[in-house]
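S.K.: Sequence:
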Amino acid sequence: MSGKRTVEDFFRVEASSSDVTQERERNISGSSGSVDIPTISRSSSLMSLGSEPEDSRPGTQASDQVDVVIAGGCSISSQELQTIKDKMAALTNYYKLSYVIKSKNAPDTSSKVLGKTIKVYNLKAKCQKCFAEVSFWNNTTGNLVSHYKTKHTHDLSELKAAISRTSRRGLKHPSGDDQPQRHQLSLKESFGQATRFTQDKGKEAMTKWFARCLIPLSITDHPATREMFQVFQPEFRVPSRRTLTRDIKAMGEEAREEIKKIG
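Numbering (our numbering), first residue to last: 1 to 263.
Hints are computed from structural coordinates only; laboratory data are not their basis.
Positions of the beta carbon are idealized from the N, C-alpha and C atoms, including for glycine.
Some clues are possibly wrong.
Here are the simulated distance ranges between beta carbons [said to hold, decoys possible]:
(1) 209 with 130: 23 to 29 Å
(2) 205 with 78: 39 to 45 Å
(3) 133 with 154: 18 to 24 Å
(4) 85 with 240: 23 to 29 Å
(5) 246 with 213: 15 to 21 Å
(6) 68 with 158: 21 to 27 Å
(7) 143 with 117: 17 to 23 Å
(8) 209 with 256: 33 to 39 Å
(9) 132 with 242: 44 to 50 Å
(10) 98 with 246: 25 to 31 Å
Straight line, CA to CA, 35 Å or less: simulated DSBU-like cross-link-like pairs of lysine-lysine [as the list claims (entries may be wrong)]:
(11) 208 with 126
(12) 151 with 119
(13) 149 with 126
(14) 260 with 201
(15) 160 with 116
(16) 124 with 102
(17) 129 with 160
(18) 104 with 260
(19) 126 with 160
(20) 104 with 151
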C-alpha cells in the first residue's frame, strides 16, 4: 500500500475523530453532570465595561426631579426652600409651588424687638383648578385667596379652611375681608395687652383720626403712611382716598342723625 492518502482515508479519519469527541462529551456528561458554558454576547460584554442603563444616567430624569424653578439672582438655601414647601403642604389641593422669584427684608411681626426684619420671598404657585400662575409673598396669602374669590368661588371656603391650618405652620392670613376669623397679633398685644384686630376696627379708627384732626385725605395714599401702618399692623390694609372720603361722609351723616335725636 503506497504512502499516499486516498479520499476515502481522509473521510475515515475525520469520522473517527468525530466519534472520539462525542464519546468524550458523553463521558463528561455522565460523570459530572452537564456543564453549561456561559455565552457572553457582544452587548452584555459592552455593558460589563461600565456602560450604564439609559434610565440611570445622570440628567436623564432631571425634568421630573426639578419641581420649583429659582429665578436667576435669587438666593435661597435648600433648607429655606424646604421650609416653604412644608408650609404650603396644606394647600396641595389648591396650589402647587412653582417659582421663587425674588426676596426682600420685611418687618418681623412675631418679634418684640422694634425694627427687626426677616427675609421673605416672592413666589409663584400654580392653581390646581385652572393652572394659572399666582404671585404672592410667603408671609401672606392674600393673592392666593383673591384668585379663588374671583375664579373659583365654590371652593373659596375650603381654601380658607386650608389656610387656617396652614397658618399654624407659619403662613399668615390675608388682610381685609379675606381674613379668616382667628386671633391676630397687634402691636399692643406683643407688649402684653391682648386685643383682637380686624380690618373694620382699623378703618374706623383711621377715619376718626382723619376727621377729628382735619388731616388732608391725600395723606392716606402717601407711601410713608402705608409704610408706617405696615410696621404698626402688617395685617391692616390701608384704605384709599376714595374709601376714606366715603367713610368720613357716612360718619358725618351718623353724627347728624344723633344730633336730631337729641333735639
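S.K.: Taking the beta carbons of residue 132 and residue 242, is their distance inside 44 to 50 Å?
M.R.: violated, 29 Å
S.K.: For the pair supplied as a hint, residue 160 and residue 116, is the alpha-carbon distance within the 35 Å limit?
M.R.: Answer holds: residue 160 to residue 116 is near 29 Å, not above 35 Å.
S.K.: Take a look at whether the Cβ-Cβ distance between residue 133 and residue 154 falls inside 18 to 24 Å.
M.R.: With a Cβ separation near 21 Å, residue 133 and residue 154 satisfy 18 to 24 Å, so the hint holds.
S.K.: Starting from residue 260, check that the Cα of residue 201 is at most 35 Å away, please.
M.R.: Holds, at about 26 Å.
S.K.: A range of 23 to 29 Å was offered for this pair. Does it hold for the Cβ distance of residue 85 and residue 240?
M.R.: violated, 35 Å
S.K.: Taking 35 Å as the top limit, are the C-alpha atoms of residue 126 and residue 160 close enough?
M.R.: holds, 17 Å
S.K.: Do the alpha carbons of residue 104 and residue 260 lie within 35 Å of each other, as the hint requires?
M.R.: Since the Cα atoms of residue 104 and residue 260 sit roughly 53 Å apart, the hinted pair is violated (cutoff 35 Å).
S.K.: Is residue 208 within 35 Å of residue 126, Cα to Cα?
M.R.: Since the Cα atoms of residue 208 and residue 126 sit roughly 41 Å apart, the hinted pair is violated (cutoff 35 Å).
S.K.: Cβ-Cβ distance between residue 68 and residue 158: within 21 to 27 Å?
M.R.: holds, 24 Å
S.K.: Do the Cβ positions of residue 98 and residue 246 conform to the proposed distance bound of 25 to 31 Å?
M.R.: violated, 39 Å
S.K.: Run the distance test for residue 149 versus residue 126: straight-line Cα separation, threshold 35 Å.
M.R.: holds, 16 Å
S.K.: Do the Cβ positions of residue 205 and residue 78 conform to the proposed distance bound of 39 to 45 Å?
M.R.: holds, 43 Å
Comparing the model with each numbered hint stated earlier shows that hints 1, 4, 8, 9, 10, 11, 18 do not hold.
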